[in-house]
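J.: Here's the letter readout for the chains.
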Amino acid sequence: MFYRDRKEWADLEPVPQDDGPNPVVKIAYSEKFSDVYDYFRALLKKDERSDRAFALTAEAIELNAANYTVWHYRRVLLQALQKDLREEMRYITDIIEEQPKNYQVWHHRRMVVEWLNDPSEELEFIADILSQDAKNYHAWQHRQWVIQEYKLWDNELEFVEKLLEEDVRNNSVWNQRHFVISHTTGYSSPAILDREVQYCLNQIRKAPHNESAWNYLKGILQDRGMSSHPGLLEQVLELKETHCSPYLLAFLVDCYEDALENNNQKETLNRALEVCEYLAQEKDTIRKEYWLFLQRSLESRFECIDVLLCQGISPLLKSDIKNGV
Amino acid sequence: MDGAPAPLRCFSERHAAEVFADDGVETVTSAEQKKVEHNIEEVISVYKQIHSLPQPTLLREQHYQYLKKGLRHLSDSYECLDASRPWLCYWILHSLELLEEPIPAAVASDVCQFLARCQSPTGGFAGGPGQHAHLAPTYAAVNALCIIGTEEAYNVIDREKLLDFLWSVKQPDGSFVMHVGGEVDVRSAYCAASVASLTNILTPKLFEDTPSWILRCQNWEGGLGGVPGLEAHGGYTFCGTAALVILGKEHMLDLKALLRWVVSRQMRFEGGFQGRCNKLVDGCYSFWQAGLLPLLHRAFFKEGESQLSRQRWMFEQQALQEYILLCCQNPAGGLLDKPGKSRDFYHTCYCLSGLSIAQHFGNVDLHHELILGKEENRLVRLHNNYPEFFLSCSHVKAPTHPVYNICPEKVAQALQHFHQLPVPEADQRHGASSADGPSAPAASSGSAEHQS
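Which chain is which? The protein sequence lines are A and B, in order. If you're matching positions, the first sequence starts at 1 in full-length UniProt numbering and goes up one per residue. If you're matching positions, the second sequence starts at 1 in full-length UniProt numbering and goes up one per residue.
Since the hints were derived computationally from the structure, they do not count as laboratory data. A portion of the hints provided could be inaccurate.
No more than 25 Å apart at the CA atoms, straight line, and that leaves these computed lysine-lysine pairs for PhoX-like [as the list claims (entries may be wrong)]: (1) A:K288 / B:K302; (2) B:K69 / A:K266; (3) B:K34 / A:K162; (4) B:K302 / B:K338; (5) B:K256 / A:K26; (6) A:K32 / A:K7; (7) A:K266 / A:K240; (8) A:K240 / A:K206; (9) B:K35 / B:K48; (10) A:K101 / B:K35; (11) A:K46 / A:K83; (12) A:K135 / B:K341; (13) A:K135 / B:K35; (14) B:K68 / B:K338; (15) B:K341 / B:K68; (16) A:K288 / B:K256; (17) A:K101 / B:K338; (18) B:K256 / A:K283; (19) A:K288 / B:K34; (20) A:K26 / A:K7; (21) A:K101 / A:K135; (22) A:K135 / B:K34; (23) B:K34 / A:K26; (24) B:K35 / A:K283; (25) A:K101 / B:K341; (26) B:K34 / A:K206; (27) B:K48 / B:K341; (28) A:K26 / B:K302; (29) A:K135 / B:K68; (30) A:K135 / A:K151; (31) B:K48 / A:K45; (32) B:K341 / B:K35.
Nothing here was measured: the structure is a model prediction, and the numbers come from that model.
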């Protein structure tokens with residue numbers, strides 16, 4: 001039943017939307033939509049703080065859960081009317097289950113959790129949302145906030161492992177792995193780092209073309225130096241024979257680049273350039289422009305100084321010459 | 001240009017080998033990816049059968065009609081965007097400008113008047129008349145007004161109030177909430193930096209600590225997440241990077257790691273971009289992801305990188321154009337995410353924006369085109385060769401690139417207009433805390449906004 005026909009609302013004059021005389025991007029609202037929002041605007045104008053206003057916000061939200069003005073007003077009413085926040089938790093749980101990809105609903109939940117200062121339902125709730133869409137960005141964001149705010153780190157690595165068993169390609173879970181470890185044990189200890197490297201390699205052996213595992217491996221080693229981890233390069237070269245992929249080859253380039261930074265050897269440079277060529281022309285042609293750039297870049301940075309001096313060319317001028325300056 | 005059309009990458013023998021390798025280990029991720037690849041294969045095969053000569057065509061007339069109508073009327077399926085109407089204005093106007101379709105003066109004036117009604121009395125723009133101000137529709141409204149580019153359009157913006165609004169959403173840690181009582185994420189920094197720089201209300205104090213906050217969003221993957229700790233994502237990466245470019249601080253990022261991340265987001269089979277690693281291709285990332293390459297190119301150039309190409313961005317431009325033209329067009333007009341999805345104005349805007357980037361390479365005084373298909377497919381250039389002129393102006397820190405995603409002439413014109421005006425003095429209070437709780441009285445008084 002429309003609000004305009006309700007006796008209990010007769011005291012309130014609905015406020016039609018003011019789009020002006022020549023509207024643009026004019027939405028053909030349904031009668032229900034216009035009715036509810038005409039009354040919402042009336043309430044907002046009055047700043048009415050009542051139960052009927054509170055009830056109407058739920059209807060307005062159902063019609064457009066992205067209307068952040070309505071959500072804000074609902075929060076004002078929750079406080080002004082001293083509403084039962086536990087009941088609000090039940091409400092927002094239902095709404096998120098229906099519309100899990102909306103910013104406002106998650107933000108609202110966060111507010112209620114903060115007011116209650118009670119995160120006890122959160123991990124289970126978020127796990128449920130993730131069971132329906134394991135990559136829901138808002139869900140992961142809320143999860144990270146809860147864990148960090150209320151220091152609920154203890155079981156999260158276990159949760160991560162479980163989800164990786166379900167889908168080892170879920171990049172959000174790899175990110176969560178990094179989040180948990182970097183905020184708890186960190187990656188500094190050789191024991192942890194080694195455990196993580198071994199974990200990666202195990203996953204890579206099972207699914208060599210899983211980009212997430214390779215990215216994680218690089219991600220945890222890059223600041224420490226890819227070539228610093230003992231025996232890793234050799235293990236990767238071994239894997240190249242039976243478990244090759246564009247990601248393995250890219251990782252090799254990164255290892256060689258790191259090695260060159262510590263010890264500029266012609267042989268290493270040549271290997272790196274060769275792999276770049278192989279990636280550009282054969283194995284990762286979609287990224288040809290990038291691999292060729294990297295190749296030129298490595299060549300320019302690590303060209304052996306003695307080679308240049310033999311050619312009677314100052315290393316500083318070499319790249320200018322190459323670029324036709 | 002003349003003679004036989006360029007062979008399509010997706011018709012080549014090698015293309016079939018680019019399908020996803022699941023190593024015999026099926027998961028939800030691999031199953032979804034294979035489904036999409038199968039659909040794309042269908043589209044390509046149908047295209048092959050119908051067209052003996054591969055000349056992908058941008059359906060200009062159809063898109064124009066779709067956009068022209070949408071600028072006036074939208075069906076009730078758009079009720080879900082009732083709090084994003086300035087976005088609708090921007091998506092449609094930008095699409096029209098990319099197609100080089102003129103906006104009739106009467107329509108332009110109507111848009112100005114509508115956006116004026118979306119402006120909040122306390123500054124900034126809202127999703128619709130009577131709603132609260134929010135950084136996203138503020139970004140969209142300012143961009144839309146700059147596209148219109150008339151005095152009337154520029155005069156809609158209350159610069160003093162806009163600055164007040166930006167201060168009201170600024171957080172002590174350098175971040176911005178999207179609206180009073182709202183959420184923080186890196187989009188807000190971009191929206192704020194974009195409007196502040198275009199309208200010349202930018203001061204160093206306003207963005208104090210913002211670059212360091214944005215930097216915290218760069219993660220182990222090389223891309224940026226919405227807030228520190230989150231997974232790298234194309235939309236947020238664009239926002240963070242573009243914001244830093246505007247603030248002149250892009251060199252603080254690990255540019256090499258970012259470059260590796262973004263180029264890895266181009267799908268070897270589909271040719272389009274995914275938003276995150278191991279997720280699906282989507283036409284809108286043609287802008288959010290591919291749009292990073294011009295930004296990075298310029299950043300590397302400024303750092304003295306000598307090995308940059310002089311002809312191409314560091315992504316497969318032809319492959320992206322093929323994806324957009326073959327897979328993302330609705331024959332009745334409008335563009336979309338991927339085959340099987342519905343058209344909408346958001347995807348129309350960002351697919352066309354991505355197409356423009358894929359067609360045009362440029363760096364300062366160089367310009368090089370790669371138009372797939374018919375010559376008429378060519379869109380307006382998004383990036384420009386104007387930066388040197390404006391870099392000499394004292395307040396401008398950023399080059400006018402696909403930072404703003406409006407045409408360069410409009411950026412230049414807006415900058416020229418607003419830089420003649422003095423930077424307003426703001427009432428420099430930091431915003432209320434992001435909570436709506438009893439400790440934030442501003443929130444309750446904010447709700448009493450009257451809008452006629």
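J.: So, for every hint listed, does it hold in this structure?
T.: So, going through the hints one by one against the coordinates:
Distance restraint check for K288 (chain A) and K302 (chain B): the Cα-Cα separation of roughly 23 Å lies within the 25 Å cut-off, and the hinted pair is therefore satisfied. A C-alpha spacing of about 63 Å is found between K69 (chain B) and K266 (chain A), which places the hinted pair above 25 Å, so the restraint is violated. Between the alpha carbons of K34 (chain B) and K162 (chain A) the distance comes to roughly 24 Å, so the proposed pair stays at or under 25 Å and holds. Distance hint between K302 (chain B) and K338 (chain B) is unfulfilled; the C-alpha atoms sit about 36 Å from each other, more than 25 Å.
For the proposed pair K256 (chain B) and K26 (chain A), the alpha carbon gap of about 45 Å is over 25 Å, so the pair is violated. The suggested pairing of K32 (chain A) with K7 (chain A) holds, with an alpha-carbon distance near 17 Å, which does not exceed 25 Å. Between K266 (chain A) and K240 (chain A) the CA atoms are separated by roughly 22 Å; this keeps the pair inside 25 Å, and the hint holds. At most 25 Å may separate the alpha-carbon atoms for a hinted pair to count; K240 (chain A) and K206 (chain A) meet this at roughly 14 Å.
Simply put, K35 (chain B) and K48 (chain B) have alpha-carbon atoms about 20 Å apart, close enough for the 25 Å limit, and the pair holds. Taking the CA atoms of K101 (chain A) and K35 (chain B), the gap is near 22 Å; set against the 25 Å cutoff, the hint holds. Between the alpha carbons of K46 (chain A) and K83 (chain A) the distance comes to roughly 20 Å, so the proposed pair stays at or under 25 Å and holds. Between the alpha carbons of K135 (chain A) and K341 (chain B) the distance comes to roughly 20 Å, so the proposed pair stays at or under 25 Å and holds.
About 18 Å separates the Cα atoms of K135 (chain A) and K35 (chain B), which keeps this hinted pair within 25 Å; it holds. A hinted pair counts as satisfied when its Cα atoms are at most 25 Å apart, and K68 (chain B) with K338 (chain B) qualifies at roughly 23 Å. Restraint check for K341 (chain B) and K68 (chain B): satisfied, since their Cα atoms lie roughly 21 Å apart, inside the 25 Å limit. As the CA atoms of K288 (chain A) and K256 (chain B) are separated by approximately 16 Å, the hinted pair is consistent with the 25 Å bound.
A threshold of 25 Å between alpha carbons decides the hint, and for K101 (chain A) with K338 (chain B) the separation of about 19 Å falls inside it, so the pair holds. Taking the CA atoms of K256 (chain B) and K283 (chain A), the gap is about 21 Å. The hint holds against a cut of 25 Å. At most 25 Å may separate the alpha-carbon atoms for a hinted pair to count; K288 (chain A) and K34 (chain B) meet this at roughly 24 Å. Among the hinted pairs, K26 (chain A) with K7 (chain A) is inconsistent with the structure: their alpha-carbon atoms are about 30 Å apart, more than 25 Å.
Between the alpha carbons of K101 (chain A) and K135 (chain A) the distance comes to roughly 11 Å, so the proposed pair stays at or under 25 Å and holds. With a C-alpha separation of about 17 Å, the suggested pairing of K135 (chain A) with K34 (chain B) holds against the 25 Å cut-off. At most 25 Å may separate the alpha-carbon atoms for a hinted pair to count; K34 (chain B) and K26 (chain A) exceed this at roughly 39 Å. In summary, the hint linking K35 (chain B) to K283 (chain A) is supported, as the alpha carbons are separated by about 23 Å, within the 25 Å threshold.
Restraint check for K101 (chain A) and K341 (chain B): the C-alpha separation of about 17 Å stays at or below 25 Å, so the hint holds. The straight-line distance between the Cα atoms of K34 (chain B) and K206 (chain A) is roughly 19 Å, inside the 25 Å bound, and the hint therefore holds. A hinted pair counts as satisfied when its Cα atoms are at most 25 Å apart, and K48 (chain B) with K341 (chain B) qualifies at roughly 21 Å. Among the hinted pairs, K26 (chain A) with K302 (chain B) is inconsistent with the structure: their alpha-carbon atoms are about 45 Å apart, more than 25 Å.
For the hint pairing K135 (chain A) with K68 (chain B), the CA-to-CA distance comes to about 36 Å; that exceeds 25 Å, so the pair is violated. Under the criterion of a C-alpha separation no larger than 25 Å, the hint pairing K135 (chain A) with K151 (chain A) is consistent with the structure, at around 23 Å. This hinted pair does not check out: K48 (chain B) and K45 (chain A) have alpha carbons roughly 59 Å apart, beyond 25 Å. For a cut-off of 25 Å, the pair hint linking K341 (chain B) to K35 (chain B) stands: about 14 Å separates their Cα positions.
Of the hints listed earlier, those the structure fails to meet are numbers 2, 4, 5, 20, 23, 28, 29, 31, in rising order.
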